[in-house]
Amino acid sequence: MLWLLFFLVTAIHAELCQPDAENAFKVRLSLRTALGDKAYAWDTNEEYLFKAMVAFSMRRVPNREATEISHVLLCNVTQRVSFWFVVTDPSRNHTLPAVEVQSAIRMNRNRINNAFFLNDQTLEFLRIPSTLAPPTDPSVPIWIIIFGVVFCIVIVATMLLILSGIRQRRRSASLEFLQISGTRESLTSLGASCLTSCLHGAPTSNL
Amino acid sequence: MDEARPLWATPLQFVFACISYAVGLGNVWRFPYLCQMYGGGSFLVPYIIMLAVEGMPLLYLELAVGQRMRQGSIGAWRTISPYLSGVGVASVVVSFFLSMYYNVINAWAFWYLFHSFQDPLPWSVCPLNGNRTGYDEECEKASSTQYFWYRKTLNISPSIQESGAVQWEPALCLILAWLLVYLCILRGTESTGKVVYFTALLPYCVLMIYLVRGLTLHGATNGLAYMFTPKMEQLANPKAWINAATQIFFSLGLGFGSLIAFASYNEPSNDCQKHTVIVSIINSSTSIFASVVTFSIYGFKATFNYESCLNKVILLLTNSFDLEDGFLTVSNLEEVKSYLASAYPSKYSEVFPQIKNCSLESELETAVQGTGLAFIVYTEAIKNMEVSQLWSVLYFFMLLMLGIGSMLGNTAAILTPLTDSKVISSYLPKEAISGLVCLVNCAIGLVFTMEAGNYWFDIFNDYAATLSLLLIVLVETVAVCYLYGLRRFESDLKAMTGHALNWYWKAMWGGVSPLLIISLFVFYLSDYIITGTLQYQAWDASQGQLVTKDYPPYALAIIGLLVASSTMCIPLGALGTFIVRHLKRGDTASVA
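If you're matching them up, the sequences are chains A and B in order. For what it's worth, our numbering labels the leading residue of the first sequence as 116, then goes sequentially. For what it's worth, our numbering labels the leading residue of the second sequence as 37, then goes sequentially.
Everything labelled a hint here was simulated from the structure, so no lab data went into it. Please note that a few of the clues may not be correct.
[To be verified] Simulated pairs of lysine-lysine, DSSO-like, Cα-Cα distance not exceeding 30 Å: (1) B:K188 x B:K530; (2) B:K373 x B:K392; (3) B:K585 x B:K542; (4) B:K177 x A:K141; (5) B:K267 x B:K392; (6) B:K275 x B:K348; (7) B:K373 x B:K383; (8) B:K419 x A:K141; (9) A:K153 x A:K166; (10) A:K141 x B:K373; (11) A:K153 x A:K141; (12) A:K153 x B:K419; (13) A:K153 x B:K585; (14) B:K348 x A:K141; (15) B:K310 x B:K177; (16) B:K310 x B:K585; (17) B:K188 x A:K153; (18) A:K141 x B:K188.
[To be verified] Negatives, chain A to chain B, calculated, CB over 10 Å: (19) W118; (20) E137; (21) V142; (22) R143; (23) D158; (24) T159; (25) E161; (26) E162; (27) E183; (28) T193; (29) R195; (30) I257; (31) I259; (32) F266; (33) R284; (34) A288.
[What the hints assert, rightly or not] Only some residues are given here: those of chain A computed to face chain B with a beta carbon under 7 Å: (35) S145; (36) R147; (37) Y155; (38) I227; (39) F231; (40) A272.
Every residue, glycine too, gets a C-beta built ideally from N, C-alpha and C.
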């Protein structure tokens, strides 16, 4: 009698958790890709941890606080490592709807990943899309800051060059004026000295 | 009394100015493409022959004319023969078109340079889509580098008809680029002479750094082996020779008037023959040097993509057949594939269509040129390097230096005739003339920052200068040899520099180079006529790739206008002078 009950229970369990069963999800782990030489072996203890994490995620959903580890069923574990899992309700006859399980896993994805030292790409839940991290958007885009700096430097340099060019031109214009007026002065002084020397008859050695 | 003509402070400045002008973006993004298309190592044979036969003689001619006439292109050609004033004007018009669109490349280089200071680089990751479950659709179909170029930088529209609005970000970068060019040409040769030390030397520093980095990259040798393996049968392909001739021609920047402008600021006794040889050899060596760097980067990128492709196949097979993680490696892939095909035939046939055939050859064969090479392929390689921000900054800084160096030459070609003209320079100081030219160019250049701007850029890039330059240089060579007289020019040069003219130059100027240019001209004309309607590549956002479209009639009209406005200057100039002379003769006759 007991054996019959045992077989019945395992048969029901087997029916609940099957590849492509209703409300079942496939999980795929890539331990060697993620951890290389430090990859641990996937054994029943790891499976227990996995069931615990799923149960933990379900307990955080309102109305599902009574979920136990034994309610999470795993099957078809392959070498890959990949397996299927379902979450049953307390009566163990029905599986919880896929939508609930999906939202629970999505919300706690980070905790589940960290428990296994994996990330979204190496611990895949097929048919449960992961929420991608939003890119960090600084309030002012960085490129505008650098643009502003370079722009100001170029404008300042241009202004300096233009102003120095104007000053140079003014200085050379006034220098020319001085030169011309200086020549006139020296010419008049020369003429005056010539006049005086001619009048006095003294030799003008500086002519 | 006339103010003495400003001179280069040292002959070295002149050489650097010429190098900085000639060594431009074409050396980096056109020559490697040609090398790849026309037989790798064997392309160097037509290239060097064309350099000796066409490049050096024509370069020497322009430098000699500029140094002898000591004026910009308009004045120089008017002195040679009054009927040739149109040639100078045509040069200025072509330079004007070139400077309009060329500085947009500098604006893009600035844009990428400013965006290189982020971690991660913005073109290495795709942005997320609306509900954050995946990446943006356009970015998924194309690649992240293509997405950043077409969507974030250009914000390109699907066709040339849909112009869209001016994008303020590239517009700001364009204004900055023009301000920088203005700063460099503000004081004429005084400021340009100092700037060319940087624009000529810095790109070589960066290229050296990239050479060392490139050669040490994983997979670089694949690219180098692919490029330098000569494919001798390409020597028989006439296109290889034509492209070699065209590349030499445009790479040296002949016919724009910039070389004449630079040489006009030389001392008359300057030995321009020596400088010709130096500049042309440095220009060609830089092309070859840049293609070594480019091909090591290509090799790295191709190997990276090839290995990613293999890894994707491995992942696909591992997941489909639930094999142990890490069991499938690159080395046992083939045997495992055949084992799986025999052991699970039905399942294997299901998966088979998704298995891509990864081939290193096909990755290497994707030949790209132009802005696609610089802004898509290179950035894709850079994002996979370590410390990618540093490499990105260095690379775009080098592009900027190359571009600014060429812009200095272009603006010199426009400004020298303007400042030479007594009419204009009596009203305005040269700072104001430079400012006005930059302002006008910048304002028109804003067209290229619109959503359809890149399509107009391609029009200008392909058609504004090609035919016109060939015609201009042909007329120049024929004019100096036969109108002015080769003997007269030879005696002028001897009086000026003190060296006799080598027979080689005389033979080239008189016969070989004009014949070459005529054949190039005929080839291009026939090519345009045979292909019939002109087409362009448009970016299709829904497919994430380029599609070919026909130009609308008004775009074809503008292309025709571009070519006509510069080529027609030559006959119109001659006609104008003829009419003016005829009227003058008529006046004097009637007075007498």
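Hints, verified against the model:
Using a Cα cut-off of 30 Å, the hinted pair K188 of chain B and K530 of chain B is violated, with the two alpha carbons roughly 57 Å apart. Pair hint K373 of chain B plus K392 of chain B holds up; C-alpha atoms about 13 Å apart against a cutoff of 30 Å. With a C-alpha separation of about 47 Å, the suggested pairing of K585 of chain B with K542 of chain B is violated against the 30 Å cut-off. Between K177 of chain B and K141 of chain A the alpha-carbon distance is near 27 Å, which keeps this suggested pair within the 30 Å criterion.
For the given pair, K267 of chain B sits about 29 Å from K392 of chain B by alpha-carbon distance, which is consistent with the 30 Å threshold. Annotation: proposed proximity of K275 of chain B to K348 of chain B is violated, straight-line Cα distance about 39 Å (limit 30 Å). As the CA atoms of K373 of chain B and K383 of chain B are separated by approximately 12 Å, the hinted pair is consistent with the 30 Å bound. With a C-alpha separation of about 34 Å, the suggested pair K419 of chain B and K141 of chain A falls outside the 30 Å cut-off, and the hint is violated.
With a C-alpha separation of about 23 Å, the suggested pair K153 of chain A and K166 of chain A falls inside the 30 Å cut-off, and the hint holds. Of the supplied pair hints, the one linking K141 of chain A and K373 of chain B holds, its CA atoms being roughly 24 Å apart against a limit of 30 Å. Distance restraint check for K153 of chain A and K141 of chain A: the Cα-Cα separation of roughly 25 Å lies within the 30 Å cut-off, and the hinted pair is therefore satisfied. At most 30 Å may separate the alpha-carbon atoms for a hinted pair to count; K153 of chain A and K419 of chain B meet this at roughly 28 Å.
At most 30 Å may separate the alpha-carbon atoms for a hinted pair to count; K153 of chain A and K585 of chain B exceed this at roughly 55 Å. A C-alpha spacing of about 20 Å is found between K348 of chain B and K141 of chain A, which places the hinted pair at or below 30 Å, so the restraint holds. Annotation: proposed proximity of K310 of chain B to K177 of chain B is violated, straight-line Cα distance about 53 Å (limit 30 Å). The suggested pairing of K310 of chain B with K585 of chain B is violated, with an alpha-carbon distance near 48 Å, which exceeds 30 Å.
Between K188 of chain B and K153 of chain A, the direct Cα distance comes to roughly 41 Å. Violation of the 30 Å bound is thereby established for this hinted pair. Restraint check for K141 of chain A and K188 of chain B: the C-alpha separation of about 38 Å exceeds 30 Å, so the hint is violated. Under the 10 Å C-beta cut-off, the non-interface status given to W118 of chain A relative to chain B holds; the minimum distance is some 33 Å. Residue-level check passed: E137 of chain A sits 22 Å from the nearest beta carbon of chain B, beyond 10 Å.
Against the 10 Å criterion, V142 of chain A stays outside the reach of chain B, whose nearest CB is about 12 Å from its own CB. At the 10 Å boundary, the C-beta of R143 of chain A falls inside the reach of chain B, the nearest C-beta of that chain being 7 Å off. Distance check on D158 of chain A: its Cβ is at least 14 Å (rounded) from any Cβ of chain B, clearing the 10 Å threshold; non-interface status holds. The claim that T159 of chain A is not at the interface with chain B holds, since no C-beta of that chain comes within 10 Å of its own (minimum 18 Å).
No beta-carbon of chain B comes within 10 Å of the beta-carbon of E161 of chain A; the shortest separation is about 14 Å. Non-interface status of E162 of chain A relative to chain B is upheld: no Cβ of that chain comes within 10 Å, the nearest being about 16 Å off. With a closest Cβ-Cβ approach of about 29 Å to chain B, E183 of chain A is found to remain outside the 10 Å limit, as its non-interface label requires. With a minimum CB-CB distance of about 4 Å to chain B, T193 of chain A fails to clear the 10 Å threshold, and the non-interface call is violated.
Not every CB of chain B lies more than 10 Å from the CB of R195 of chain A, the least distance being 4 Å, so the non-interface label is violated. Not every C-beta of chain B lies more than 10 Å from that of I257 of chain A, the closest at about 5 Å, which undercuts listing it as non-interface. For I259 of chain A, the shortest C-beta to C-beta distance to chain B comes to about 8 Å, within the 10 Å cut-off, and the non-interface label is violated. Under the 10 Å C-beta cut-off, the non-interface status given to F266 of chain A relative to chain B is violated; the minimum distance is some 6 Å.
A cut-off of 10 Å between C-beta atoms contradicts the statement that R284 of chain A is not in contact with chain B; the least separation is 7 Å. Consistency note on A288 of chain A: stated as away from chain B, and its beta-carbon is indeed over 10 Å from all of that chain's, at 12 Å minimum. About 5 Å separates the beta-carbon of S145 of chain A from the nearest beta-carbon of chain B, less than 7 Å, and the hint is met. Proximity of R147 of chain A to chain B holds as hinted, the smallest CB-CB distance being about 4 Å (cut-off 7 Å).
Checking Y155 of chain A against chain B: minimum C-beta separation of about 12 Å lies over 7 Å; hint violated. At its closest, the beta carbon of I227 of chain A sits 18 Å from a beta carbon of chain B; the interface hint therefore is violated under the 7 Å criterion. With a cut of 7 Å, the hint placing F231 of chain A at the interface with chain B is violated, because the nearest CB-to-CB distance is about 13 Å. Evaluation of the A272 of chain A hint against chain B yields a held restraint, the C-beta minimum of about 6 Å falling below 7 Å.
Hint check: violations occur at hints 1, 3, 6, 8, 13, 15, 16, 17, 18, 22, 28, 29, 30, 31, 32, 33, 37, 38, 39; the rest are consistent with the structure.
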